[in-house]
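J.: As a plain string of letters, each chain reads:
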Amino acid sequence: MAVEGTLRPGGGAAQLALNMKLLGHHELAGFGGVGEGINLQKAKDGRRILWMAHESAPKNFTAVDVTDPRNPKMVVQTDLPHNDVRSNSLDVVGNIMAVAYQTKKWGLKPAGMDLFDISTPEKPKLISHFDTSGPCSRGAHCVFFVDGEYVHLTSGAPDFEPTNPKDDQFYRIIDVRNPSKPVEVGRWWYPGTRKGDTAPPPPRHPKFDGGYRPHNTNSYPQKPDRVYIGYIDGGVWILDISNKSKPKPVGHLQYSPPYNGFSHTVLPLVERGYLIVSDECVRDNGEDWPKPTWVVDARVESNLVPIATFPLPPAEIFTKRGGRYGSHNLHENQPGPCSFRSETLIFGTYFNGGVRAFDVTNPMQPKEVGYFVPATPKLAPKGSAQINDVWVDENRLVYAVDRFGGGLYTLETTF
Amino acid sequence: MPESPAATRDALAGLIPVSIVTGFLGAGKTTLLNHLLKRPEMNRVAVIVNELGEIGVDNELVQVSSEQMMLLNNGCLCCVLRGDLQETLRDLFIKRRNGEIIDYDRVVIETTGLADPAPVMQTLLTDSMLRDQYRLDCVVTLVDAVNAPGQLKEFSEPVKQVALADRLVLTKTDLVQEQPLAALTERLHEINPRAPLRRATNGEIELGFLVDVGLRRTHADLEEVERWLGADEDPEGGHAHRHDETVQTFVLRFDQPMAWAAFTQSMEVLTALRGPDLLRVKGLVNVEGKAGPMVVQGVQHLFHPPLELAAWPSADRTTRLVFITRGIPRQVVADLFAAIGAIGSR
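Residue numbers (numbering that gives the first Met the number 0), protein chains in the order written: chain A, 0 to 414; chain B, 0 to 345.
Rather than coming from a laboratory, the hints here were simulated on the basis of the structure. Note that the Cβ used here is the ideal one computed from N, Cα and C, for glycine as well. Be aware that one or more of the hints could be misleading.
Per label pair, the in silico range of CB-to-CB distance [unchecked claim]:
no., chain 1, residue 1, chain 2, residue 2, range
1, B, 63, A, 374, 44 to 50 Å
2, A, 247, B, 309, 40 to 46 Å
3, A, 304, B, 259, 28 to 34 Å
4, A, 270, B, 334, 24 to 30 Å
5, B, 338, A, 270, 39 to 45 Å
Some chain A residues close to chain B (C-beta under 7 Å, calculated; not the full set) [to be verified]:
no., residue
6, 21
7, 95
8, 308
9, 310
10, 358
11, 362
12, 368
13, 414
Stretch-level coverage of chain A by chain B, calculated; a stretch enters the list once three of its residues show a Cβ under 8 Å from a Cβ in chain B [said to hold, decoys possible]:
no., region
14, 28-35
15, 141-151
16, 272-278
17, 342-356
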């Protein structure tokens, strides 16, 4: 049945939704570009405060009161010291927030991680700065902080000289039990990426050289001896961190090439023994398609087997909608009072494919159960919404953010 | 990992409801649809019709149209049934997901006048792709007050259309005297005692009567379950009023929980022997070891895969099965359950 034209008010720029209903929208005072740090705090006065790290300068982070998700209210918005640094990533445990800082070039500052006291959300108070700047360091790209004790950090270091400039960040475990004095207790890098390694440098991806760096480094209290790493072009790694000073690889999955690299988030379904792995799309207009979200059987950690990918809408249509289209961030089942946790329902972001929800009850046949693609935001540089990250709260309300100007969308699910 | 109650998907809540509008030739389906299409509450409804031209929507109400579809100003999408329904429903969902048509959240299907609604219902029960996206909400049968008394005598299709209905709508009542109208109402009640009946004047009927009949979520409450199973006028299987000779509607109740195997074996034998005459079966089954009741829905020999409700909607935990059959008496089904499953009914 051929349809000429689009039978849809607003055409290609209109909102698309299935089983997700828009409750509220906040443009973040004109700075609606959010990175991949988003976390919900229950403040001591009972308010629910959503913290978001910005994708790029000039803003650092923004907090929005989402106690009434239909009427989100901005609480605070902070600035970066200069335009050659971005925060991009943050995490919140109780009233402590960790924020990453990554510079555009080696040697610049601030590079590393800040810890803030956010017990009064209006007035975030700097507790300490963990400096990771150095002659070959851009600082930190990503924090994973859920237990209040250790930050699992993706960062460079002053003493780290990579064999390839693109491999300048690695996995660092930072003890923050005394938040005023964070201290590194362990580290691991892909063999061959540091000068002086006995292993040879790993081969570059033949088409899209994204580098060998960790992206997300996820470790959960219910399995404290493991960290799950999306190592960009280095694939998926599971490390045994029972001895934090000596992380030890126990599982590795490399599927690029033939796939296009950029393993981003490795979300373990701890009870069931599966991993949900997203590969970030980093090129516009489908240049690096496919960027799947994989289901990986990890019941035997030493033999990781991809068994399915999430069913995404057709590339031939969505790659033409402008900007990026493909996988990016997932909601990561964080512990804590304001986080959704599920071993079967997975929420992910897909740039112009919006935020999408999948049921992996049958891990070999993931099903799409809902999606929300906002109407193209005003002055969208890519001509489409570019949904970058998602947080889902314990009531299954969904908070999705745009990479450029769209800001925050609060949604409810009906599945 | 302790999961919150919302950590799993509700197997029913995310599905798009489908209403089937059926009725014999001249029963007024087009008139009814024409009225419905103009309502503001038909926003985000996809209506599958036999011919766009037949609907006769004024041009000024049409926002945009193609050969096979038109989008009305109120946000309602009309679409022609081409080829088979399975293909049309799949295609609609794909186009919805691709952003080519509106985000419809309800489908209304107009069947052809001669159509047997059973295969339309079966399409939704058995096609796995459709089952993932849609659920049967309601079968609405339109009955023409002028011609139905004759048609019900002469043809078997209208009888089946009435028997399968969740809702009955009497049309053209203004052309008939009250006394024959009462006789027709009684006749319809004989064929299908459980379906509520309303009169439509010039095709106008409240949308609420035609929607949200099927189970909408696995956390369904008592009201929702009762709405789905229909009026419970004959709980003990008594014979307080006259029954149709060809169509039997009855409820079997089982006080004790049963093994799922006993239930399925009984139903398998019944469908193997009398499938075509088992017009419709729906109900809740109390299965040993299950917290909630199992939902059973079947049309002739085809059944929807069983689905467990989150909890019993009330303290009453008896298995309740509504049977609409052609010539299968209650006792035969009860005996079969007793013989095969060793389950005693009342």
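J.: Taking the hints in turn, state whether each one holds.
T.: Hint check:
no.: 1; hint: B/63 - A/374: 44 to 50 Å; verdict: violated (18 Å)
no.: 2; hint: A/247 - B/309: 40 to 46 Å; verdict: holds (44 Å)
no.: 3; hint: A/304 - B/259: 28 to 34 Å; verdict: holds (33 Å)
no.: 4; hint: A/270 - B/334: 24 to 30 Å; verdict: violated (46 Å)
no.: 5; hint: B/338 - A/270: 39 to 45 Å; verdict: holds (44 Å)
no.: 6; hint: 21; verdict: violated (11 Å)
no.: 7; hint: 95; verdict: violated (23 Å)
no.: 8; hint: 308; verdict: violated (17 Å)
no.: 9; hint: 310; verdict: violated (10 Å)
no.: 10; hint: 358; verdict: holds (5 Å)
no.: 11; hint: 362; verdict: violated (14 Å)
no.: 12; hint: 368; verdict: holds (5 Å)
no.: 13; hint: 414; verdict: holds (3 Å)
no.: 14; hint: 28-35; verdict: violated (count 0)
no.: 15; hint: 141-151; verdict: violated (count 0)
no.: 16; hint: 272-278; verdict: violated (count 0)
no.: 17; hint: 342-356; verdict: holds (count 3)
Consistency note: the structure conflicts with the earlier hints numbered 1, 4, 6, 7, 8, 9, 11, 14, 15, 16.
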